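Colleague: Order-wise, the sequence lines are chains Z and F. Quick note: the first sequence uses the working numbering, first residue 1, plus one each step. Quick note: the second sequence uses the working numbering, first residue 162, plus one each step.
It is worth saying that the hints were derived from the structure and are not from the lab. Keep in mind that this is a model prediction, so the values were computed, not measured. Treat the hints with care, as some may be off.
Quick list of the computed label-pair ranges, beta carbon to beta carbon [claimed, not checked]:
#1 F:L296 x Z:N112: 23 to 33 angstroms
#2 Z:R88 x F:N549: 26 to 36 angstroms
#3 F:M184 x Z:I18: 16 to 26 angstroms
#4 F:N555 x Z:P97: 32 to 42 angstroms
#5 Z:Q80 x F:N549: 53 to 63 angstroms
#6 F:D435 x Z:P77: 46 to 56 angstroms
#7 F:K538 x Z:Q80: 40 to 50 angstroms
#8 F:K270 x Z:E95: 25 to 35 angstroms
Ideal placement from N, C-alpha and C gives every residue a C-beta, glycine not left out.
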Amino acid sequence: MYNQDIMERFLNPCFAGIIRGASGVGSAKDPNTNETIKLYIEVNADAVITDAKFKAFGCPVVIAVADALSQMIVGMPIEQAQELNEARVLNMFNEIPQERLYSIFLAIDALNETIDDYAKKLRKLQKKLLADNKDESTKSTEDDEHNEENTLDTFNDYYDE
Amino acid sequence: MNRIYLDNAASTSVSSEVLNEMMPYFTNMFGNPSSLHSYGRESNAALDLARDRIAKAIGAKPNEIYFTSGATESNNWALLGIVEKYHNSDKKHIITSQIEHPSILETCKYLETKGYKVTYLPVDSDGLVNIAELLHNLNNDTLIVSIMAANNEIGTIQNLKAIAKTVKERGVIFHTDATQAVGAINIDVKEMGIDMLTLSAHKINGPKGIGALYISNDIDIAPIMHGGHQERNLRGGTVNVAGAVGLGKACEIACRDIIINSQKLRRMRDYFVDQVMTKIPYVKLNGHKFQRLPNSISLSFGMVEAEALMMMLDLEGIAVSVGSACSTGSVEPSNVLKAIKLSPELAAGTIRITISKNITKEDIDYVVEKLEEIVKKLRAISPLKKSNIGEFDNV
């Protein structure tokens with residue numbers, strides 16, 4: 001049996017679920033065990049993660065770690081989430097058995113994939129809006145700041161899973 | 162909380178009949194069976210009776226039964242003892258199967274490091290060894306073939322007699338690990354042509370820490386335990402007398418009740434599987450559909466990870482075993498599930514349920530109800546899609 005902190009998250013994972021039209025979605029799979037974590041993040045105009053959800057196919061530790069990571073990144077600026085390392089996740093638990101430590105790497109891999117996906121979507125959207133703006137430049141005289149707000153406001157509606 | 166034990170392939174409880182026979186050998190009859198005085202003679206007589214009972218259970222002669230500490234020692238001894246005996250010969254080839262217990266597979270791997278060539282025969286999707294493949298691999302260098310009688314994870318029963326015949330016709334020694342098979346299928350070593358056979362007490366309602374190796378009188382073997390004249394100079398160490406008495410009694414009962422137990426277990430097993438298949442979609446039953454141990458059910462649940470499932474069942478008082486990891490500390494997929502070519506995702510979702518004769522329909526209904534609840538809960542958080550993880554028996 002695992003520690004209480006692992007068991008509590010495993011039995012009642014508060015962050016299990018999906019986010020429709022998430023700003024970023026990414027998953028990682030352990031090559032040995034095929035255990036998988038899929039992460040969804042919602043990012044606001046200030047590049048802060050406002051919500052996170054996960055789905056997991058894995059042992060109790062994988063589920064608990066995915067839940068802990070999701071909780072940890074909510075309210076975190078993307079830049080800071082990018083810097084997250086295995087040690088930070090490990091610190092959220094009293095003890096993770098040695099043979100289950102790969103769960104932490106799996107969760108960080110899933111997070112990195114999710115942030116990559118967010119960045120990709122953001123770039124794509126910026127490119128599209130830039131092109132739209134070019135087309136409309138003759139008609140429009142809106143300033144840069146306003147454009148940026150538009151970009152971020154439409155972001156979440158634009159991409160659906 | 163009412164607890165339900167469904168892991169009888171791992172170990173069983175000691176039956177009261179067995180325990181009653183064992184008890185005096187912990188207290189009044191404690192003599193060393195090698196001692197010549199009356200205390201020793203009492204213990205030695207108990208060993209003789211136990212040997213008789215075990216021999217009778219498998220169709221052997223009493224002087225062909227050697228007590229060991231259990232199946233792992235018996236399996237190690239069978240391979241290492243023969244290798245040691247024939248180390249000066251040119252025969253340096255061993256055949257086994259990919260679905261053996263680690264005590265055979267790891268011993269074979271060890272022997273590979275000592276220069277032996279080992280063929281690990283594949284099995285089909287039901288877990289059966291192909292006899293033609295066995296025949297094809299037997300050659301003049303083959304020293305010993307070891308193929309288990311019935312598999313501990315998926316329950317498939319091999320065509321033992323045909324395998325033994327094939328091996329014996331080539332003049333090769335045949336060993337079988339019958340740890341899971343004794344008491345479940347009829348075994349007659351003489352009629353089947355088996356040279357050596359491993360058995361263990363705690364799988365058949367006997368105590369832990371005692372087993373035996375049957376070695377035909379026609380076979381020469383070297384000891385691997387030195388420093389004692391016990392067991393006809395072949396296995397040093399004072400025999401665990403109470404354990405041996407327990408093993409003897411457990412063998413006697415297992416054979417006495419084999420027909421009635423098998424019938425009941427088969428009926429309950431099939432009811433269990435029917436209920437699961439009716440109530441839970443995306444499930445696969447592993448192992449041979451008919452040629453399977455009467456108490457064994459290996460089920461793969463799509464989109465669900467087995468340890469998570471096992472843990473939640475445990476919290477409901479239901480003990481099952483995870484098919485994809487051989488023990489805590491190992492997260493490698495099971496060699497057996499790999500060998501029957503189960504997809505990695507289904508292998509990761511496989512649990513083993515092994516029932517006892519005491520199970521009731523009410524127990525099964527309760528377990529299936531909990532299984533249904535838990536599988537639903539875990540599938541709700543699973544990112545896997547049913548379309549790309551393998552074939553199911555029901556949808």
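Colleague: Now tell me if each hint is right for this structure.
Modeller: Quick rundown of the hints versus the structure:
1. F:L296 x Z:N112: 23 to 33 angstroms: For N112 (chain Z) against L296 (chain F), whose Cβ atoms are near 53 angstroms apart, the range 23 to 33 angstroms is violated.
2. Z:R88 x F:N549: 26 to 36 angstroms: 33 angstroms, holds
3. F:M184 x Z:I18: 16 to 26 angstroms: 60 angstroms, violated
4. F:N555 x Z:P97: 32 to 42 angstroms: 35 angstroms, holds
5. Z:Q80 x F:N549: 53 to 63 angstroms: 35 angstroms, violated
6. F:D435 x Z:P77: 46 to 56 angstroms: 55 angstroms, holds
7. F:K538 x Z:Q80: 40 to 50 angstroms: 33 angstroms, violated
8. F:K270 x Z:E95: 25 to 35 angstroms: At 32 angstroms between Cβs, range holds.
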